Amino acid sequence: MPKQLISTATCSLAVLLSLWFLVSNWSNQSLQRGLQNQQDEIQTHQLTIQSQQQQLQAQQQLIDSASQLANQVGPSVIRDLATLQLQNKNQKIAILLKKYGIEAKAN
Amino acid sequence: MEDYTTENLTSQSSNPENIHFPLALLALAFAIFLFAQISSLGQNGRSMRWQTENLDRQIGSLVESEKNLGNLVKQREALVEQSQQVQARYTEMLTDLIKLSETDADARAVVEKYKIQRQQGQQTSPAAAATPQPTP
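Residue numbers (my numbering), protein chains in the order written: chain A, -19 to 87; chain B, 28 to 163.
Just so you know, these hints were derived from the structure itself, not from any lab. Predicted model only: the values in this text are computed from it and were never measured. Among these hints, one or two may not hold up.
Stated by the list, open to error - Here are a few chain A residues that sit away from chain B, every Cβ distance over 12 Å (derived from the structure):
1) -11
2) 83
3) 85
To be verified - Under the rule of at most 27 Å between Cα atoms (straight-line distance), these lysine-lysine pairs were calculated in the DSS-like manner:
4) A:72 to B:142
5) B:126 to A:69
6) A:69 to A:79
7) B:140 to A:78
8) A:69 to B:140
9) A:78 to B:126
10) A:79 to B:142
11) A:79 to B:126
12) A:69 to B:142
13) B:126 to A:85
14) A:78 to B:142
Ideal placement from N, C-alpha and C gives every residue a C-beta, glycine not left out.
Build out the structure end to end from the sequences listed, making use of the hints.
See the structure below:
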């Protein structure tokens, strides 16, 4: 009788542990799916950020280019044109400058 | 003597009480194996939960960065529009200057001094056709 009890108890323990093992396995699989979803989400966010950084870079290039034109090259060209117009009384250049609202005057 | 041994063995193996011990031993071994597996699964589960928390924090940080970059792009839109207008205006003027340089020596001198030239592949849009090279 005690031998029978021991074998029944150990078999019951094995069955219970099998059920526990199954539940733990399902739980882990669910966690793994969650992790995969989070990784996908991170990848999506990273792609969006990359795109935004490229957009910012393009904006910066445009701003730098316009700034260089407006602050360095543009004024120098206009100054030279105005000087030449005054020195040589060049009417064509005067018309060109006037078209863009610039009028050269001798000091 | 031989008969006795055989009889004894037969009587032992046919006794249903004797099957319980090997069965219990087998079940115990299986239970130990399962316990080890469950323990390992538990460790994996804890590790995955820790990873989930980390990934959650990472997602939060990325969402914040995304929001900040979006705001920065929006903030710069006005400046970008202004820059585009400035660039378009200068480009138009420089295009006119290039045209004038074909007939006027003073204009040609300025064009040559600043190495102003039309860019290849943009001739269809004269407003963006001329860009100056760096100042000499």
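Here is how each hint holds up against the structure:
no., hint, in the structure
1, -11, "violated, 8 Å"
2, 83, "holds, 14 Å"
3, 85, "holds, 18 Å"
4, A:72 to B:142, "holds, 20 Å"
5, B:126 to A:69, "holds, 19 Å"
6, A:69 to A:79, "holds, 17 Å"
7, B:140 to A:78, "holds, 22 Å"
8, A:69 to B:140, "holds, 20 Å"
9, A:78 to B:126, "holds, 16 Å"
10, A:79 to B:142, "holds, 22 Å"
11, A:79 to B:126, "holds, 14 Å"
12, A:69 to B:142, "holds, 23 Å"
13, B:126 to A:85, "holds, 24 Å"
14, A:78 to B:142, "holds, 23 Å"
Hint violations for this structure: number 1 only, all remaining hints satisfied.
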